[in-house]
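Take these sequences, add in the hints, and give me the full structure.
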Amino acid sequence: MKNTKTSSNNMIKQLMILYNMIMVIYSAVISFSTMWAVYNLGYGLGCAELPDPNDKRTDIFVWIGYFFYVSKIVELLDTVFFLWRGKVDQVTFLHVFHHATMPPSIWWGVKYAPGGMTFMFPLINCLIHVAMYTYYGLAAAGANRYLWWKNYLTLAQMIQFIIFILHQGQIFVQSTPCNYPKIFPAAIVLYATVFLILFSNFYIKAYWHKQRLAKSLEKRQQQQQHQQQNVHFIDTIQHNGGQLFHEKNGTIKQMNGYNKSHINKSTLHKID
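Going by this note's numbering, the first residue of the sequence shown is number 284, and it counts up by one from there.
Some clues are possibly wrong.
[What the hints assert, rightly or not] The list that follows gives simulated cross-link-like pairs (lysine-lysine, DSBU-like), each with its CA atoms no further than 30 Å apart:
| hint | residue 1 | residue 2 |
| --- | --- | --- |
| 1 | 394 | 296 |
| 2 | 465 | 370 |
| 3 | 339 | 433 |
| 4 | 433 | 465 |
| 5 | 296 | 339 |
| 6 | 488 | 370 |
| 7 | 394 | 465 |
| 8 | 296 | 355 |
| 9 | 296 | 488 |
| 10 | 394 | 488 |
| 11 | 465 | 296 |
| 12 | 433 | 394 |
| 13 | 355 | 370 |
| 14 | 355 | 465 |
| 15 | 339 | 488 |
| 16 | 355 | 339 |
Hints listed in this document are in silico derivations from the structure and should not be mistaken for laboratory results.
Right, here's the structure in full:
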């Protein structure tokens with residue numbers, strides 16, 4: 284029975300490593316393909332209008348959108364692996380909301396407005412997923428010594444949402460009109476804002492509060508250690524038959540039967 288369980292765990296571990304490796308490569312291909320398309324079409328950080336349907340160069344955005352959509356379907360396996368390993372606590376509201384809403388959102392954008400302003404979404408998101416699945420792969424392989432950057436990964440995810448908000452939101456404030464349906468940037472701004480709030484809440488609970496608690500605990504332990512040292516010091520003096528006095532400048536001296544007559548008592552205050 285024990286051997287069967289060990290064999291099952293090893294199989295899950297190997298599948299997770301393979302899955303994460305595939306997702307790293309898959310996400311990298313989408314991100315760098317988007318970079319190439321953006322460069323080839325001369326897109327900048329400003330307004331990016333809908334591609335000309337007669338320009339065959341823009342067909343790549345349809346394919347990028349399609350594979351980006353497929354990636355969101357495949358990523359549902361994240362939940363399967365969590366449950367398979369008994370990590371029910373990792374299936375949070377943030378996790379469920381993310382995986383439940385991403386596929387229909389991507390499908391909507393690919394069907395009605397592939398390319399244009401939305402190019403930033405697969406470019407940045409897949410780049411983040413390269414780092415994320417690299418982390419998951421290392422964790423599955425048991426390489427815990429290389430996982431110190433987990434909180435930075437969460438920060439990177441939060442930064443991507445800020446980039447989406449700024450990039451898509453510019454269409455509503457720029458003076459020059461942009462030939463792109465405003466409903467899509469509006470949806471992305473709203474969507475990214477919701478995720479920024481959820482991820483910020485997660486970061487505060489998972490990292491910030493824990494760091495403050497750890498520092499508070501460390502400070503308390505240092506205070507307790509200092510108090511124990513003081514008690515031990517006083518007990519040692521009293522055990523030797525002496526009394527503790529301190530001068531006005533805070534210097535501690537011992538007074539016993541041998542040196543008692545050599546101390547100016549007017550400058551000493553007894554410690555009770």
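Right, here's what the structure says about each hint:
| no. | hint | result |
| --- | --- | --- |
| 1 | 394 - 296 | violated, 37 Å |
| 2 | 465 - 370 | violated, 40 Å |
| 3 | 339 - 433 | violated, 41 Å |
| 4 | 433 - 465 | violated, 35 Å |
| 5 | 296 - 339 | violated, 43 Å |
| 6 | 488 - 370 | holds, 18 Å |
| 7 | 394 - 465 | holds, 16 Å |
| 8 | 296 - 355 | holds, 22 Å |
| 9 | 296 - 488 | holds, 28 Å |
| 10 | 394 - 488 | violated, 37 Å |
| 11 | 465 - 296 | violated, 45 Å |
| 12 | 433 - 394 | violated, 35 Å |
| 13 | 355 - 370 | holds, 21 Å |
| 14 | 355 - 465 | holds, 24 Å |
| 15 | 339 - 488 | violated, 48 Å |
| 16 | 355 - 339 | holds, 26 Å |
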